[in-house]
Amino acid sequence: DAGVIQSPRHEVTEMGQEVTLRCKPISGHNSLFWYRQTMMRGLELLIYFNNNVPIDDSGMPEDRFSAKMPNASFSTLKIQPSEPRDSAVYFCASSFTSGFGETQYFGPGTRLLVL
Amino acid sequence: GNSVTQMEGPVTLSEEAFLTINCTYTATGYPSLFWYVQYPGEGLQLLLKATKADDKGSNKGFEATYRKETTSFHLEKGSVQVSDSAVYFCALSSGGYNKLIFGAGTRLAVHP
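Quick mapping for you: the protein sequence lines, in order, are chains A and B.
Quick note on numbering: my numbering labels position 44 of the first sequence as 44, and the sequence is numbered without any gaps.
Quick note on numbering: my numbering labels position 105 of the second sequence as 105, and the sequence is numbered without any gaps.
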């Protein structure tokens, strides 16, 4: 199994530009999570989907952030316009939710630097 | 609301020393508890988990026991190695959808 795949692995952009992060979950998983990790704030859950439907986006920091999951094998996190304070590592994770206690599997992350 | 508190790092140990990283939680209902590990430059990966009270999770020499009476899930290892140097996250899930709530993470550095 290839695991969770994220692209790009590194992104450097200038303030004001649009940034799109991509995630392919593990085949057969029905839940997908986007996290952001910074030194100051630690690991934050931004949004999660179940069966391609957004369940809770209360962690999305502001309207500049949006996420979509058009099908079971693909999700995007978009920042428009980007700002220097968005610099962080963004992780995607997936799991198969059937009851409780299931493991989330994390991708390698996208390291974003906004200049 | 649900929350996880773990000991602040960094924790610095010599190889073969005993490791304890404390983790306590606040949760309604009956959460599942997890320890994840993050090696430099990588994503998080599951180290061990426990889904009910008194369960012991174990993996790679690490252990943690789900203690409902003390709301704790402390991570232990009898003899650490340099390769165990990483950041360790305690987490809980409660309710549907497997949403995880993470602690702040504890950085472990093991020296030869």
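I should point out that these hints are in silico values taken from the structure, not numbers from a laboratory.
In this text, all values refer to a predicted model and were calculated from it rather than measured experimentally.
One should not assume that every hint holds.
Derived DSSO-like pairs (lysine-lysine); straight-line CA-CA distance at most 30 angstroms [unchecked claim]: (1) B:K99 / A:K68; (2) B:K60 / A:K24; (3) A:K24 / A:K68; (4) A:K24 / B:K99; (5) A:K78 / B:K99.
Hint check:
For the hint pairing B:K99 with A:K68, the CA-to-CA distance comes to about 18 angstroms; that is within 30 angstroms, so the pair holds. Between B:K60 and A:K24 the alpha-carbon distance is near 28 angstroms, which keeps this suggested pair within the 30 angstroms criterion. Distance check on the hinted pair: A:K24 and A:K68 sit about 12 angstroms apart at the alpha-carbon level, within 30 angstroms; holds. With a CA separation close to 19 angstroms, the supplied pair A:K24 and B:K99 stays within the 30 angstroms bound.
Taking the CA atoms of A:K78 and B:K99, the gap is near 21 angstroms; set against the 30 angstroms cutoff, the hint holds.
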